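Full structure from sequences and hints, please.
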Amino acid sequence: MGADDILDVQDLDVCYTTRFGTLRAIHDLSLTLRRSETYGVVGESGCGKSTLAFAIMGYLERNATVTRGRILFNGEDLLKKSRAEMRALWGKKIAMIYQDPTAALNPSLKIGMQIAEILQVHEGASRRAAHAQAVAMLGRLQIADPEMIADRYPHQLSGGMRQRVCIAMAFIMKPDLLILDEPTTNLDVTTEANILDMLNDLKSDFSASTLYITHDLGVVYKISDRVGVMYGGRFVEEGYIADIICSPKHPYTRGLLRCIPEVLLDKSKRRLTPITGAVAELDAMPQGCAFSPRCAFRESRCAQDDPSNRLYGGERRVRCHNVSEVDALRGLAPSCADEPSQPECADLRAPVSGSPLLVLDHVHKQFGDLTSMFSRGGVARVRAVDDVSLRILRQSTLGLVGESGCGKSTLLRVVAGLEAATDGKIVFDDQDISMPIEKRKREMAKRIQVVFQDPKSTLNPRKTIGQALMRPIRLTGLSPREADARTRSLLQSVNLGCEFLDRYPDQLSGGQKQRVAIARAFSSKPDLILCDEPTSSLDVSIQASIINLLLDLQRQEGTTYLFISHALGVVSYLCDTMAVMYLGSIVEYGPKNKVLSPPYHPYTEALLSSLSVPRPNAAQKRIRLAGAVPSAREIPSGCRFHTRCPRKVGRICETERPPRITTDGDADHYIDCHIPLEELSRVQPVFTELDQS
Amino acid sequence: MAIAEPERIRTSPKNEGPGIGQLVGSLAEALKTFAETIRRLCASKSALISMIILLFWLLMSIVGPLVAPYNPNAHNLGDRFKGPSLHHLCGTDRYGRDEFSRIVMGSRTVFLLAASSTLVSLVIGTFVGLGSGYAGGAVDEIVMRFTDVLMSFPSLLFAMLMLGIMGPSFVGVVIVIAVVFFPRIARVVRSVVLDLKTKEFVEAAKVRGENDFYIMFVEIFPNTLGPLGVEAAVRFGYAIFTSASLGFLGLGVQPPTPDWGLMMSDAQAYITTAPWMAVFPAVAIATLTVSVNFLSDAIRKLESGDL
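As given, the protein sequences belong to chains W and G, one line each in that order.
Quick note, the first sequence lines up with residues 632 to 1324 if you use the working numbering.
Quick note, the second sequence lines up with residues 7 to 313 if you use the working numbering.
Note that these hints are calculated values from the structure, not bench results.
Any given hint could turn out to be false.
Simulated DEER-style distance windows between Cβ atoms [said to hold, decoys possible]:
| # | chain 1 | residue 1 | chain 2 | residue 2 | range |
| --- | --- | --- | --- | --- | --- |
| 1 | G | Lys38 | W | Tyr871 | 35 to 43 Å |
| 2 | G | Ser52 | W | Tyr871 | 30 to 38 Å |
| 3 | W | Glu1113 | G | Ile44 | 52 to 60 Å |
If the Cβ cut is set under 10 Å, some of the chain G residues that face chain W in the computed set are [to be verified]:
| # | residue |
| --- | --- |
| 4 | Leu83 |
| 5 | Arg86 |
| 6 | Leu200 |
| 7 | Thr204 |
| 8 | Gly215 |
| 9 | Val224 |
| 10 | Glu225 |
The structure displayed is predicted, hence computed values, not measured ones.
C-beta atoms are modelled at their ideal positions from N, C-alpha and C, and glycine is treated no differently.
What follows is the structure, encoded as structure tokens:
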């Protein structure tokens, strides 16, 4: 252990005792964290990231034990410490920030008091002094009015603000070690970008060492110095972040990088490469290399021997049989030549011009607010969807992006007929479908289908997969025999075998459930499928295969998609046309490549520059949005984006609704903004490719 | 899932290929689930003992006449107020009737009363809860306030009042217990329905054009079976208790039908001279009620995954 090392984890093994036997969650893991270094731990769900964090904190579940190894913190073994000794370290020397700030804060204490409490406990500070320090800390995090925030309760703050408060609590004792467990996962991209910036600033100010746990390679790329890629409880690869991103050596790291749908990557250019199979379960961990069942380069020895860590150069460790040292020295990715070649995607269907399949004409959706029924001024209304007009061409994909609460899901539900539109007209294939589903013609139900967001609740837990698929097929009027055949072929088309027919949803993984949901949506051969963030709760490697599946089915069936998501990368990869939604209104609409390049709407520009993408060879503009999205109950006057707009012109933005600018010669691309088109066109693109040489 | 549900048989697609084979298949599966439930219940000692006691009384109620040494209603004035002996295991009462035979035959009355009243309240409660929860809005509001009114009466008092009007009878007791219990079952079902009706699989059914009845009974209902089973077990326990209380008060089944509550009530006057007359029926009621309660507790734990 070097003098500069804050944390040194050596050969750590953690096991869980369950009624299925002993499960090894952490396997022979070593890591060293130096002073004021940020170390990223990346991995998909179930790879043991959180167990690692809890092992270091000493927060392990009752049925978990550290069976081997040492955790040295400033030279002292944390595993040998008593609970009282650990309590003296928690919050003072070691602090942790969790994924869900709502659960981390006490709902019945004011923010100021919660932060001050830490000082009172650890330093015996007086109440007044502690409160002053707490406010000062909040001020340091560029929180506009720290006094006011300190005087509020957690539920009065936005999610991003709560996470800032948690960060203030973690930093206030100037800890030596900070463990962050997916702190930005539930936040919008614009908030995430702000928090990551803030963490980077604090890191240099406080010289704290940080262990940053996340599933997002883009975030890790932005924040960490070194990174460990975790799979099956092991570090499969470790090294400096730039090396890992530029020349990944372990097949899993390479796989992860290849299945991320990047912004500006088009479906026609490259097909995503999902990692085959599913993340290894703890109770079915292969004997040899944990990744071997999913690995494209596996050899016979991979299944038998677990490869040991091999050192390449100074800081690079790779846990793979196949990486030869020569390759490593040359900096070449191994076996690149024999990787299966990319399937061509040239035969993607082109959108059919002519009469669009779906037309939204000034659609509004408002929700009455019961709680304010008795307040003065009558009923406050939430304008969830406010005057939206859109067109979707046949066989095309319209991508709708926006932050949470922008009304994109409500819009989708209105189109599906699950909510009634308050005003406006929805025309589907020249028929008016503005009414809710019960009042639509029955055949409409067959022609418009939905793929929902949550794989956990999308299937009825009491019905087998066969029953779930059979029913919608039977509704189309097929005979039992035909329906049975169609069920089987549908299952096959979503790459599931017939053995799934008799299984119940709880026997399926999230990705498999989502495949069944897609099969169900396609069962009536619909013309339009509305996709409500179908991949948002899936791991990236699974997400890639779902995206490929959607593309394949679209090609075969000629289906039209309306795809909504907050993940700009996924939407921009899939769609032909793109709409950017902010507070219930479309602020920019047009063909994808026009939306993603200047002239931008200032909001589109800010969204793009907030993205965390692992792109070492491109420079990204840095634009940050201040504050949170305003409530849909009090939509700002004039341009609804003016409260956060970094390019605000002046008074006019606050008073007048922005005009609709169509870009030159292209009526299909419009931007709602007061800034003249010439000025918008002069804006530099967010991403600029760096010269490789 | 803890409760074996015959529902799977009903919801399997109809007219589909070889029907019999599938029916047998799902029946076998339901049995397997049931066996698995029992096996997991056995892991808890209190549940195991409770099951044995419950089975004992159930067996008594079925094979009663074979076990009972005497006719439970046969008067034998020469053998009045005899204490427990080898001839009369639990002694005799004021007419010389054999207490043991009366307790054995009384278990039949208890089970019939409790089971039928629980069943009736389950059926009503499920329909009310499903309909009210699914309809929502004003309908739900009105139905729930109505059940609130029903539940605000102390249940025994309410039952006495109703039986006082209707006159005591077997059917009367069943109706009264069902009316007292169904609001509670409706509440449980409704709360589950409120959660389920916003689930995506229900929305998927709406999007494909299913009608409300299909959604209520085929999509939602099977998912209420778990909590419903737990509630049924709890209600069954209370039904035993309530029917015995009503019997004791003379509002239940009428003499000479052997009934534990009624036997206790008869014993009141002779509690000092012939205590066995009160003790044995009391033990019978207590063992049965307590074991049903323990068992329903274990089922609840199993359902929520704590066992």
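Structure-based check of all given hints:
1. G:Lys38 with W:Tyr871: 35 to 43 Å: Since the Cβ atoms of G:Lys38 and W:Tyr871 sit about 55 Å apart, the hinted range of 35 to 43 Å is violated.
2. G:Ser52 with W:Tyr871: 30 to 38 Å: 59 Å, violated
3. W:Glu1113 with G:Ile44: 52 to 60 Å: Between W:Glu1113 and G:Ile44, where Cβ atoms are some 41 Å apart, the hint is violated.
4. Leu83: Hint on G:Leu83: violated, closest Cβ of chain W at ~60 Å, above 10 Å.
5. Arg86: Check failed: Cβ of G:Arg86 comes no nearer than 59 Å to chain W, outside 10 Å.
6. Leu200: 14 Å, violated
7. Thr204: Constraint on G:Thr204 satisfied, holds at 9 Å.
8. Gly215: OK, holds: G:Gly215 within 10 Å of chain W, min 3 Å.
9. Val224: 8 Å, holds
10. Glu225: Holds, because the Cβ-Cβ distance from G:Glu225 to chain W comes to roughly 6 Å (cut-off 10 Å).
In the structure shown, a violation is registered for the earlier hints numbered 1, 2, 3, 4, 5 and 6, in ascending order.
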